[in-house]
Each structure stands twice: as structure tokens, then as C-alpha cells.
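**Q** Given next are the chains, with one letter for each unit.
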Amino acid sequence: MKFYSGLDEALGDDVATTHVTLEMRKITKEFPGVKALDDVSIAVRRGDIHAICGENGAGKSTLMKVLSGVYPHGTFEGQIVLDGHHVEFRDLKASEHAGIVIIHQELALIPELSVTENIFLGNEVARSGFIDWDEAHIRTLALLARVGLNVNPNTQVKALGVGQQQMVEIAKALSKDVRLLILDEPTSALNEEDSANLLELLRGLKGRGLTSIMISHKLNEIAEIADAVTIIRDGVTVETLNVEDGPLDEDRIIRGMVGRSLESRFPAHTPVIGQTFFEVRGWTVEDPQVPGRLVCKGSDFFVRRGEIVGFAGVMGAGRTELARSVFGRSYGIYRSGTILIDGVPVSLPTVQAAISHRIAYVPEDRKTHGMNLLDTIRKTIVSAGLDKITHLAMIDEDAEFAAAEAYRSSLRIKTPDVNEGVAKLSGGNQQKVVLGKWMFTEPELLILDEPTRGIDVGAKYEIYGLIQRLAEAGKGVIVISSELPEVLGLCDRIYAVCEGRIAGVVDRDEADQEKLMRLMTTTTASAA
Amino acid sequence: MMKSLKSLFGGDVRQFSMLGALLALVLFFQIMTNGKVLTPTNVVNLINGNSYVLILAIGMVMVIVIGHIDLSVGSVAAATGIIVALAIRDWGIPWWAGILLGLLVGAAIGAWQGWWVAYVGIPGFITTLAGYMLFRGVNQFIGKSNSVPVPEEFQTIGAGYLWEWGPNTGLNNSTLVLGILASVYVVWREVKLRKKAVRIGIQPVSTGTAAMRAGLLIVVIAYVTYLFGSGRVGTSFPVPGVLLVALVILYHVLTQRTVIGRHIYAVGGNRVAASLSGVSTKRTYFFVMMNMSILAAVAGMVFIGRSTASGPFDGINWELDAIAAVFIGGAAVSGGIGTVTGSIIGGLVMATLNNGLQLMGVGSDRTQIIKGLVLLAAVAFDVYNKQQGRPSIIGHLFRSRPVFPDSVDEGADTLPKVDPRTEAVAAVDPRSTTAAVHEQHPQTDAKDRR
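Protein sequences appear in the order of chains G and F.
One point on numbering: in this note's numbering, the residue at position 528 of the first sequence is 649, and numbering is uninterrupted.
One point on numbering: in this note's numbering, the residue at position 3 of the second sequence is 37, and numbering is uninterrupted.
It should be emphasised that the hints constitute simulated quantities derived from the structure, not laboratory data.
Computed from a predicted model, the values in this text were never measured in an experiment.
Each computed DMTMM-like pair below joins lysine to aspartate or glutamate, with the alpha-carbon atoms no more than 25 Å apart:
| id | chain 1 | residue 1 | chain 2 | residue 2 |
| --- | --- | --- | --- | --- |
| 1 | F | K316 | G | D508 |
| 2 | F | K226 | G | E518 |
| 3 | G | K418 | G | E485 |
| 4 | F | K316 | G | D486 |
| 5 | F | K226 | G | E521 |
| 6 | F | K230 | G | D538 |
| 7 | F | K316 | G | E485 |
| 8 | F | K229 | G | D519 |
| 9 | F | K226 | G | E541 |
| 10 | G | K339 | G | D613 |
| 11 | F | K230 | G | D519 |
| 12 | F | K230 | G | E541 |
| 13 | F | K230 | G | D517 |
| 14 | F | K230 | G | E521 |
| 15 | G | K147 | G | E360 |
| 16 | F | K226 | G | D517 |
| 17 | F | K316 | G | E442 |
| 18 | F | K226 | G | E526 |
| 19 | G | K279 | G | E306 |
To be clear about the criterion: a stretch of chain F counts as covered by chain G if any three or more of its residues have a C-beta under 8 Å from a C-beta of chain G, and this derived list gives those stretches:
| id | stretch |
| --- | --- |
| 20 | 229 to 235 |
| 21 | 279 to 293 |
| 22 | 298 to 308 |
Beta carbons: idealized from backbone N, C-alpha and C, even for Gly.
Taking the hints into account, I'd like the entire structure generated from these sequences.
**A** What follows is the structure, given as C-alpha cells:
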């Protein structure tokens, strides 16, 4: 018999029927003057994969905080019923004790430690203070077998791919005797293949009776895997859809999330494509860490004015490496290749040179590569184009303010003041700030690396619109994305990248998911 | 209360509260010593005796902002001092050429250290630990561990006074002119701020507030002018003080208003993002390390001017005093945060402590203990505030999301109105409340997870 902190036996009998593992009833969480959650109820059936959808700020996180005891019992109204018992968690530890385990979006593994050490971190298999490594290894092997991960338990976690690390996280959760697994955006950092594996694993675990809650922005995955979906909007439960009542299709979910139908997830756009102005030939780059390994193998591509060009590929295919090495050789060791702008070969040995040739690169990870989180919005927006507002060696603060204000309104960055820190903004607004920062350099070519990663449907729509506006203004835009529907919906022409090679190029009209997938995963060169 | 202070002094309440602490400290000692702190002789001593550490703090804060540290400044100051003293004595070069030589020596040493840090990639801590030993050795080798005196003209930069001229006003007239210039600047700044507010279309502060702010500052300036100007005849606001004020203004502008200043904060805040924005991190590192050594040379020369000779034990532990000043002044060990003015205030807190305790007759043993505790307390206070402003580990698991949600209603052409719900959440989110009061801190999500 497990001990539940705050177990309320007296109320135990009036509670839900046996096939419901978790029930959260009429949860209302108020912050001074405002309701973040208003009478939210959710019932998760045993053995289900239950998805929770909602835009950022809808209240998903608050709800999970309530569930896991981050907001302790008493700071909210309503009841939580776990396996027929009322529970009152004092803190996160108490909820974990009761078998509720959360895997956060960003992995919480320690790269320098081995798989075994990570799995039992904080929960070591010890006898009188000494760790029993043999036992720990045996248990690790069993756990790895359960998640279908075939690696040596002594491997350092840093040697594993992101997808494998995610599996280790799940193994770690399983080691804790989990009853209810909560996954927050489990596939946001994974490529298509790893995502598919992960979903497969979840399905397998479900087959063995594990109940899980999944928070995700990837509606196609939810549609594929979930047994039920609860949609939250503005702190209120909109509806719960069960798979028995009909298939969970994406459009249906989106309609619930945004309260309006996004007929198309992409704004209307008629491409006006001009001449080729940017061309790369025979681009070859060596890995900076592994001598002799080429990350770009003689890649050729071009961009025309007004064109949105996609770079599709699985993670590790070399798309970011290609983009960054073109952008002022900011990655890798240049070996050979030519860049032509308007037909003239140019040399771009530094980022500064790339910027002055009107190229912009918006990195995939905005927080670690895109901006200084200590800065204000205002300073961030001008940070790549300080020369434009510098007179007599002094930064013109009026011009800076004016520029920041201009982007705030044109990009609809939601903030009361451009002097606010960028760290306080939501993902979508941060991305707009980074886009603004690069638009301020007045680029002719924008390379956008995963421009919509981790931001919600509404903000994505806005970013797509922005990209299209840039193209309509005659700029060339390269979009690197791991989400095929995004590439297909947005781009006029798509290059498939595979193992450092450009494996093929398809026009919008001929492109479909299967075709691209085939190109992206064909290991021989010149497959097109 | 805090709010009205904020409207009075604008911007940075954190720095303002530091200034408040400094004033309280001065007042405390003034009372405890029956008025021995705020006398012309004592304040002149206070400035002269600490100017070199404060000059070092200016450079040190920049080093710390880029995420390094410089342990060699005391040794660099000593090495420069002996070279300058010997050059003047043995080669017979004039004093001003000695100063130029000293700056060149500082630049050369700085280039050496900057090269290792920026282009070889040795952390500043190691490079300057080596420099700490190396340049101490250079000082003792060149000077054969002897003291070498410097001429009287040279002593001016370390202990000199401004000239006495014109009618007898009862005050030193040079000091008086400086005071008047400072007051004029205060008024001019008010006018400029007001014009700017009108130009960019924000509500300027009320005339009353502006007048009160300017008036208060002018009263302070008048008092300081009186304090320094009313000493015995021949004394004034000291030359090292003038040098210090000039350097503070110069470096304040450099760090806050120029491209290189922006680059320093950018590299310190997020090196990768800075280099992907076209900032040369190497050049920034090189500049900051080199600049530090030049300022160390300046400090070394001020010191030998004051002590009338260069000796083998000059500059011992200066680096530690300078580093303490910077951290008391609110800089972050992880880089990206810190200001020149804050560090100067931090340095003055330490200096006042030293001076006040000495005047109270507290021995150097107990003074050391108190200084150590004050440093710890000041930084602990800072860390506490940062933790209030930062999600706990649990908070990380459920990173509280947008203060402003992402999505925008498509139809809205104007900036959508702030959703009152999220705004109120912002009010209780500790991150946003403290962020309004304190400087932004680096430990936001991405970085912390390393």
C-alpha cells in the first residue's frame, strides 16, 4: 500500500469509477484579481494517452503545476482524485511519491554521467551508503529494454542523440514506479524519426497499462496517438474529445484551441518570384571537432528574389551547419565552394562580412544563440545593426528607441514597453524580437532556422505571414524546418538535405510529404 | 516611497539603494566619530588613499562583465611604477614623458595578456594569475627590490591639489569652478531630458519633480564643493580625484553609449549570440584585457605619485580590493551584469568602512573581519534578490510561461490590448516584479540548464 500524503480516506468512497486514474475536479486557481484556471475539470482514464492542448498561456502549465504540487494543496480550489483517493500534495516530491512523474520539454540529464548514473540519480541503488553498481546495471538493462533502447548503460549521456536521451528520461521515469507519466512537449526537440520512435514507445507502454498525459503543440502527433484530448483556452476547459466518438483530427483540435477555424494554417500568399540573386556552388565544410568528417559535401543551391526556399532534412542532416557556414563561416572549417551574390563571387569570411552583404541568419535556438537574455527588447533589436544608429562613435538612443518601437508595432511584439527584458517575453514574442533584430539589418537574404520551434499555433501563423511579407518585398528567404507540413505549406521550392548532401530539390506543386521523406532518408548521393 | 524615489532619480533603483547604503554608512561614522569623517582633511585623504583602487575597479568591472577576472592588476601597477620611476631617475626623461611611458608599458602588458586570453583562449583567471607572478617578479627584478623615488612634479598626480587663483572667496577657486560646472550640467541635463521626453512623445516628469531632483543634486554638489574647497589654504579637490571623476565619466559613456560598450555586454551576456550578431568576441576580449592593464598602469602611477617612490611591495592585494568593489557594486560572477558607477559606489563603501573604522580606533584585524562580512552580506543580499527573481528548480520544471501570450487575434490591426489576466499573473510572477526593481539577471532558463 502506497502512502499518499494528505490521503483522505473519508471521502474515498464517493470517488470516481475504477477506470479513471486521475480526476481533477473544478480546479480554480486565482492569482490576485484574476483567474488563471476557472473551474477546469479533466478525467484521465487508466491506460489512456491523454493529450492536453491549448495555446501558450491557456493554462496548461498552471494545471500541471496544480497537479504536481508546485502549487500546494490549499492554494487552489477543487479536488484531485488519484485512483479513487483524494490527494493533497504539499510539494513536487509528494506528487512524485504518489507516482506522478513529469518529463520536461528540456531534458534534465547530466551529460557527463553515464546512462545508469542518470537513471538512478537521486534515487541510487545503495546498500548502507555504498552504491551497488551491479544491481544498478541489471536494473538499467531491464529499463532500457522496456523503452527499446539498445545502448551500453555505461555510455555517457552526452554521447547519445537527443532522441535516445529522451528514451533515457522515460526509463528514468519508469524506474520511479510511475503511475501517471506527464510529458511536456516530448517531441519538440526530436526529428521525425525519433518522434515516431517515441510515439511508438508511448503506444507500447500504454499497451502495458501506463497512463500518460501529453502536452504538445504537434497536433498531428496528438491526432495519431492520443485516446482523448482536453482542450483548454483562457483558463477554461473547452472540451474533451474521446477517440471513440470519432477520429481526433487536427482541424477539429485547432478549432477548439483558437476558437476559430484555421482553414489554412498559412496565410494567403501569391509568390512573385524574380531572378536568382544568391547562389552557392560546391560548398564543402569540415566538422570543427572531427577532422576529415565533412558536414557539407559539395552543396549547390540558389535563391531567387521573392522566393521562400525550404531546407528539409532529418536532424543531423547538416542543414544548420550549411546555413551557418554560409553565414560568415560561423560554423565548421571552410574547405571549398563559392558564394555568388547577383552573379558576382563574394567572400564572406566573417559574420560581419555576411551582414554587410545583406545576409541574416536567425538561429534555431533563440535563447542560446539568438539573443542576450539580459538585454532589453530595445537593445536586442538594434544589436546586429549598431552601425546604423551610431553617430560620432555614440549610439543615438533616440534612433534606437524609434527602431524598437517601429518593430514592436509592425511585428506586434506584445510588451508594454520596449525597455522590458527579453527574458520576460513568451517564445513567440522572443522570436519576433529576433526577427526584428535581423530585419533591422535590412537583409536581402534571410536564413531562418526552425523559425517556429516551440511557439504556438497563433504565433506561428503570424510568423508565416511575416515570412511571406518579406518574400513579397522581394527578399529571398530560406526556411530550415524539421516539420514537413510547415515546409510544404510555406515554401515555393524545397531542398532535401541528407547526410550533408543536397539530395534533391522539388517545386511546391510536386512536393508531398512522402516524396520529401524519401529524399531526406536516401543515403546515396544524387538521388534526385 | 520607492516609487517616488524612482520618479525622482529614474532608472536604476538598485544602484540608488546602494548609494543610500553608502550615505547611511557615512552618516553612521560621522555620528560615531563625532564629525571626524566629513572634514576637508579626511575626505581628501579618503579620495587620495583610494583613488587607485577605484581606478582599477573601472577596468575590473568591464573584465568581469565579459566573464573573466584580472588577478594581475596589482603586479602590473607595480611593474609600471618601477619602470616609470627608473626611467625618470636614470634616463632623466621629464615627468610627462614618464607618464606616457607608463601608459605604453600598460598597453604592452595589456596586449600580452589580451593576446593570451583572446587569441590563444586561456581563461583570464589563468592568464592573469600567471601575470600576477610574472609582473611582480618584473617589478622586483628591474628595481632590484629597492625603492626608487619619483620627482616632485610626478607627485602631483598622486597627491596634488588644484591651483589657487583669483579673488578670495573663502574657498579654493578651482574647486568652486568644478562645483559650478557640475551644477550647470545638472540643470542642463534636466532640460535635455525634458526635451527628449517631448520629442519621443512620452510624458516628461513634472516640473516640480525635475526642479526638486536638480535642486537636491545641486545641494549635494554645493556641500561637496564646500567640503573640499574649505580646507586649509593650498588644498582643494585633489588631483587624483579629478582624474578619477574624468575616468568615471569617460568609461561610463564608453560602456553605456558606444558600440564597444554594447559589445562588451553582449559578449558577457551571451557569447554565441554576440558572435552570430557580428560581434568579434576576440577583439572584445582583447580590448577589455588590454584596457584593464592600461588602467592598472594609471593606478600604479597615481600610487607612486602619492607615496613619492616606487617600491617592491606596491600594489599587493589591489586586485582583491578592486574585485570586491565590483561585486559589492552589483556585478554578476557569470558575466553580463555590472556598471562602472555601481563599482565606484561599491569601492566607496569599502573605502568608507576602512576609513570610518580607523577613525573609530578599530584595529586593522577587526576591520578586515568587518570588511569580509560586508562583502559577503552585500553579495548575499544580491543573490537573495536574484533568487526571488528566478524560478526555483521546481519552477524550472514548469517554467512559467508568457507574461504575454503568443497569439494575436488576426483581425486586430492595432496592438492588441494587454490581456488583464496575464497582466495580473505578471504581477504575482516573482520574475517580473523583481525584474522591474532590479537589473535583469542572467539566470533565465536557457542558461541555467547548463
